[in-house]
Amino acid sequence: MSMFWFRRLWQSALTLFTMLTLMFFLFRMLPGDPTATVISPALYPKAQEILRMQFGLDKPLWEQYFVYVKNLSVFDFGLSFHTGRPVADEIGSRLLNTVLLVFPSLITAYALGSIVGAVVGWSRGSKTETILVFLSTALQSAPVFWLSMLSILYFSIQLDLFPIGHIVSPGKFPDETWRMYFSADFLHHLALPFLVNTLYQFCFPFLLMRSSILATVGEDYVELARMKGLSERSVLYRHAMRNSLLPLATTLPMTLGWAVAGSVVIETVFSWPGLGLLMVEAVGRSDYPVVQAAFLLIAVLTVLGTLIADFLYTLLDPRIVNE
Amino acid sequence: MKLATMTAMAVGLLVAPIQGVAEGRLVPEINFLTWPSTKYQHYYETSAYLAESWRKLGLDIKLDPQPFPAPMLGMWFTDHKFDVVMSVLSGSSARFEPDFYSNNQFKTENSRPGGMNVGSFSSPEVDALGARQMRTYDLDDRREVIYELQEVLYDQQPEALVAYVVNTTAYNTENVKIEGYESTPEGLRSIWNLLKVEPLNEDKIVRLGWTIDQDSWNPLSFKTLEDLGRLGLVYDRLVVVGPSGKPEMWAAESLDAINETTFEVTLRDDLTFNDGVALTPEDVKFTFNYLKENNAVYFQQYLENLANITVDGQKIRFELSTPSAPFVAAALGQIPILPKHIWSNILEETGLEKPQDYRNTKIVGSGAYNLKYWKEGREIYFERNQDHFKAPKADLLMIQFGSAEILSSSLTKGDIDITLQPLVPTVIEEFKALDQLELVQAESNGYMSARYNLNTELFSHKAVRQALSHAIPFEAIIEEVLGGDAAPTPSSIVPSNAYWSNPELEVPDYNLDKARKILTEAGFTWDAENRLHFPD
Chain A
856 MSMFWFRRLW
866 QSALTLFTML
876 TLMFFLFRML
886 PGDPTATVIS
896 PALYPKAQEI
906 LRMQFGLDKP
916 LWEQYFVYVK
926 NLSVFDFGLS
936 FHTGRPVADE
946 IGSRLLNTVL
956 LVFPSLITAY
966 ALGSIVGAVV
976 GWSRGSKTET
986 ILVFLSTALQ
996 SAPVFWLSML
1006 SILYFSIQLD
1016 LFPIGHIVSP
1026 GKFPDETWRM
1036 YFSADFLHHL
1046 ALPFLVNTLY
1056 QFCFPFLLMR
1066 SSILATVGED
1076 YVELARMKGL
1086 SERSVLYRHA
1096 MRNSLLPLAT
1106 TLPMTLGWAV
1116 AGSVVIETVF
1126 SWPGLGLLMV
1136 EAVGRSDYPV
1146 VQAAFLLIAV
1156 LTVLGTLIAD
1166 FLYTLLDPRI
1176 VNE
Chain F
844 MKLATMTAMA
854 VGLLVAPIQG
864 VAEGRLVPEI
874 NFLTWPSTKY
884 QHYYETSAYL
894 AESWRKLGLD
904 IKLDPQPFPA
914 PMLGMWFTDH
924 KFDVVMSVLS
934 GSSARFEPDF
944 YSNNQFKTEN
954 SRPGGMNVGS
964 FSSPEVDALG
974 ARQMRTYDLD
984 DRREVIYELQ
994 EVLYDQQPEA
1004 LVAYVVNTTA
1014 YNTENVKIEG
1024 YESTPEGLRS
1034 IWNLLKVEPL
1044 NEDKIVRLGW
1054 TIDQDSWNPL
1064 SFKTLEDLGR
1074 LGLVYDRLVV
1084 VGPSGKPEMW
1094 AAESLDAINE
1104 TTFEVTLRDD
1114 LTFNDGVALT
1124 PEDVKFTFNY
1134 LKENNAVYFQ
1144 QYLENLANIT
1154 VDGQKIRFEL
1164 STPSAPFVAA
1174 ALGQIPILPK
1184 HIWSNILEET
1194 GLEKPQDYRN
1204 TKIVGSGAYN
1214 LKYWKEGREI
1224 YFERNQDHFK
1234 APKADLLMIQ
1244 FGSAEILSSS
1254 LTKGDIDITL
1264 QPLVPTVIEE
1274 FKALDQLELV
1284 QAESNGYMSA
1294 RYNLNTELFS
1304 HKAVRQALSH
1314 AIPFEAIIEE
1324 VLGGDAAPTP
1334 SSIVPSNAYW
1344 SNPELEVPDY
1354 NLDKARKILT
1364 EAGFTWDAEN
1374 RLHFPD
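Protein sequence lines, in the order shown, are assigned to chains A and F. Here our numbering is used: the first residue of the first sequence is 856, the next is one more, and so on. Here our numbering is used: the first residue of the second sequence is 844, the next is one more, and so on.
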């Protein structure tokens, strides 16, 4: 392994460690006694005491921190303050739902965004370009909960094309969870949040690809391809677009964490039982262990995404390692 | 009313300068601990209305909104860091037990940190009556004591009572029929109403929407009232608090108080767990001992007083250490009867370290419903137990929603039949116009009040508290802040708690003139800038 990779891995580890330390103390720096949020004061004092001991909240903060780090090193994320169950179970039961919602729409958005962005950028000044640029800028600035609500109002309630939310029709899959994921009912429920999320995620790669293409339009190799007598289509797809992919290829993995974090809003509006909805609930009831683990997961995804981006970059442009 | 209010205010302002030269010390600034306006706008606004009204009496009030739950809860219940606190207590059937909102909140003993007497109110009369009602087991006799206790509290005014909340929920009359709806604090969530829900469809399933999922099914470790409510569907209890607040027999056939510390319960003989095993007095005895020995988080406070249980045939005898009439509603009325044959060897069966870790999602219970399945974060299916003595008419499918707005839309669309979520005022207006929806009201037995800290010099004056009781603009608060979904109350045991609330008491009228008169008679004075001064 080269020095470059060694340095990058070390930096990533350091970032994660700083992140988890910051998170631990930040949550506990919120004003007031953190135990007050965990343990209802309306509870009987003795019951409060027992709970405090059970969650280790009776120990000094630094001791709690060391226990936290020690447990993390063996992938023990502790117990949820709220349900008393292991955090790993809580998150594990929700993660797949989020992955199924977020990743397909992310990939679709990037694929579509780059193609449409390239075509639009290529035909600069056209009406389609003006409209699309305006629309995607507007879309990207619109709050996603508002988009989701509007789409439910129109597509689910007025047109009755899609269900109002949830992962499957309630009461339909009482026994087996796996069968549920392969049903038409699941796809029907997935459709609307998928579309909204894809539309929302589409804007960034679209705008990025468009400006990236614009930068290559005047390049010599494009001119050369034209002079060779290649068709316009071939110039765009085989030469201009390929060279404009670099920024996209590097941003895609970096948005992994962001995409999961972004699921918070969509999942809440669509009653989608994923990690995002869990995070909303956990923050609402100050369930630190769950919130910390979820944030850590997002941090890990982001750091991992950056590593992948670096790796892709070295493939696409090997100069970076040597420099 | 508006005219009267304005006249009163005008008179108040006129009277102020004539009151003469202030003599005593200036009343210091009053810290009013309240809720953050962003998330709890109604509560914050209520405190702002109170403050505005009290300022007219010459008080210098500073609103102190703090994030909820932390640090507000700590300042409110543990540290008592306030002169006045905006108290909002939620209702539940368990809180129909009259001790909860009277003696429990105002007895001297409970003013320790963490206790419910957050304002450190202390009155020998209240303590004596509080102790007496604990020993009085005959319901009607006890009611007399509770009435008297409310009269003393009315005179003492340990808090400024604002209102109790009325929640509105709705159901779709095309899909379900509910005959004889009961206005309990839980509304449609109450077992008394759920049992009456009759589906008009073929498959006998009723779909109910809610935003709160179950946290725990384990009777040892659950903490919330919502969890308890759903445990009450799958387990039987000896008695169940009825819609009027009076305990009704359930798994118990009869209940007798032998003496001040002994009860005898006769158990019904037709009770069976859903695994086919009969429910016997031994199960009852086991349950109470088991929950006590394992420090069940929610029940511990009620079980500490339990000294001994003995069984004789179908009879179960409960012996208490000290007299406690609330034991009936609070312990017998809430504790789910567990099957001994399951729980006595749960650790051996599961290999768990402690019984609190048992998830209990395959519930063996004897209740009116069986928990068919629970899909966490998605849905809960309660299958009706047709052999139960209160056999329900429908299976219940509780569906989890991420947002209350979407839940309301689902009801109009017909995706669900009942909303268990209280509706917001704008939605109520919209729903009233829809023919297929029936709106029902749930009068909470919880209430909103401003609790005074009696350790402060100002509020240790009874006259101040009495004066302020005439300076609560409750009509404006109910109409303008709470959207009309509330009603005033003269007692902390609110009128919806029909059996126990004292009907003789009247809500003090909003009259600043009267308030000033009371303060003047007590020797308070105002200076030229209309600031209140202590008596000399």
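What the hints contain is simulated information worked out from the structure, not anything from laboratory work. It is possible that some hints are incorrect.
[Claimed, not checked] Take a look, some chain F residues computed to stay more than 12 angstroms from chain A by CB distance:
(1) I904
(2) G957
(3) D970
(4) K1020
(5) K1039
(6) L1043
(7) I1048
(8) G1085
(9) T1123
(10) N1132
(11) M1241
(12) L1250
(13) P1331
(14) K1360
[Unchecked claim] Stretch-level coverage of chain F by chain A, calculated; a stretch enters the list once three of its residues show a Cβ under 8 angstroms from a Cβ in chain A:
(15) 998 to 1012
(16) 1058 to 1067
(17) 1253 to 1260
(18) 1311 to 1320
Using N, Cα and C, we set each Cβ at its ideal position, and we do this for glycine too.
Query raised in the report: Which hint numbers does the structure go against, in order from smallest to largest?
Result: Hints 2, 7, 11, 12, 15, 18 are the ones this structure does not satisfy, whereas the remaining hints hold.
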